[in-house]
Amino acid sequence: MKKKLYSAALILLLGIGVSAQKTNPVKQEVKKDAKKVGTAVKDGAEWTAKTTEKGYDETKKGVKNATKWTKKTAKKGSDAVDRSYQDVKANIKKD
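If you use mature numbering (1 follows the signal peptide of the UniProt record, and there is no 0), the sequence shown corresponds to residues -20 to -1, 1 to 75, in order.
Check the hints yourself; a few may be wrong.
[Stated by the list, open to error] No farther apart than 20 Å at their CA atoms in a straight line, the calculated lysine to any residue pairs in the SDA-like style are these:
#1 Lys22 to Glu33
#2 Lys44 to Glu26
#3 Lys15 to Ile(-5)
#4 Lys73 to Val61
#5 Lys15 to Ala25
#6 Lys7 to Ala25
#7 Lys30 to Thr19
#8 Lys34 to Ala46
#9 Lys56 to Val68
#10 Lys55 to Glu38
#11 Lys55 to Val43
#12 Lys34 to Gly18
#13 Lys11 to Asp23
#14 Lys73 to Asp62
#15 Lys16 to Trp27
#16 Lys40 to Thr50
#17 Lys7 to Thr19
#18 Lys55 to Tyr65
#19 Lys55 to Asn71
#20 Lys44 to Thr32
#21 Lys16 to Thr28
#22 Lys30 to Gly18
#23 Lys48 to Thr32
#24 Lys40 to Lys22
#25 Lys12 to Thr28
#26 Lys16 to Thr32
#27 Lys7 to Gly(-6)
#28 Lys51 to Gly35
#29 Lys40 to Lys52
#30 Lys41 to Lys51
#31 Lys22 to Val10
#32 Lys48 to Ser58
Hints were generated in silico from the structure; no laboratory data involved.
Work out the full structure: start from the sequences and follow the hints.
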């Protein structure tokens, strides 16, 4: 009976020892994973900031170009209206 009790106790202690050894690496893996996630989030935030800044710069350039184009087009339209007005005015004087 003592041998069976001793064997059971030995198996129980061995199981606890193995379990304790497995617990530490699991904690280390969790820490490593948490660190990797933190690094990934930081990298993602930096990428987003850079991309946003590039987008802002491109939008700013686009707005400037659109403003120049609108100004040129409006001037052309104004010149065309002025020429048409002068032609109509000249035709009215002839009649």
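Right, here's what the structure says about each hint:
{"no.": "1", "hint": "Lys22 to Glu33", "in the structure": "holds (17 Å)"}
{"no.": "2", "hint": "Lys44 to Glu26", "in the structure": "violated (27 Å)"}
{"no.": "3", "hint": "Lys15 to Ile(-5)", "in the structure": "violated (29 Å)"}
{"no.": "4", "hint": "Lys73 to Val61", "in the structure": "holds (18 Å)"}
{"no.": "5", "hint": "Lys15 to Ala25", "in the structure": "holds (15 Å)"}
{"no.": "6", "hint": "Lys7 to Ala25", "in the structure": "violated (27 Å)"}
{"no.": "7", "hint": "Lys30 to Thr19", "in the structure": "holds (17 Å)"}
{"no.": "8", "hint": "Lys34 to Ala46", "in the structure": "holds (18 Å)"}
{"no.": "9", "hint": "Lys56 to Val68", "in the structure": "holds (18 Å)"}
{"no.": "10", "hint": "Lys55 to Glu38", "in the structure": "violated (26 Å)"}
{"no.": "11", "hint": "Lys55 to Val43", "in the structure": "holds (18 Å)"}
{"no.": "12", "hint": "Lys34 to Gly18", "in the structure": "violated (24 Å)"}
{"no.": "13", "hint": "Lys11 to Asp23", "in the structure": "holds (18 Å)"}
{"no.": "14", "hint": "Lys73 to Asp62", "in the structure": "holds (17 Å)"}
{"no.": "15", "hint": "Lys16 to Trp27", "in the structure": "holds (16 Å)"}
{"no.": "16", "hint": "Lys40 to Thr50", "in the structure": "holds (15 Å)"}
{"no.": "17", "hint": "Lys7 to Thr19", "in the structure": "holds (18 Å)"}
{"no.": "18", "hint": "Lys55 to Tyr65", "in the structure": "holds (15 Å)"}
{"no.": "19", "hint": "Lys55 to Asn71", "in the structure": "violated (24 Å)"}
{"no.": "20", "hint": "Lys44 to Thr32", "in the structure": "holds (18 Å)"}
{"no.": "21", "hint": "Lys16 to Thr28", "in the structure": "holds (18 Å)"}
{"no.": "22", "hint": "Lys30 to Gly18", "in the structure": "holds (19 Å)"}
{"no.": "23", "hint": "Lys48 to Thr32", "in the structure": "violated (24 Å)"}
{"no.": "24", "hint": "Lys40 to Lys22", "in the structure": "violated (27 Å)"}
{"no.": "25", "hint": "Lys12 to Thr28", "in the structure": "violated (24 Å)"}
{"no.": "26", "hint": "Lys16 to Thr32", "in the structure": "violated (24 Å)"}
{"no.": "27", "hint": "Lys7 to Gly(-6)", "in the structure": "holds (19 Å)"}
{"no.": "28", "hint": "Lys51 to Gly35", "in the structure": "violated (24 Å)"}
{"no.": "29", "hint": "Lys40 to Lys52", "in the structure": "holds (19 Å)"}
{"no.": "30", "hint": "Lys41 to Lys51", "in the structure": "holds (15 Å)"}
{"no.": "31", "hint": "Lys22 to Val10", "in the structure": "holds (18 Å)"}
{"no.": "32", "hint": "Lys48 to Ser58", "in the structure": "holds (15 Å)"}
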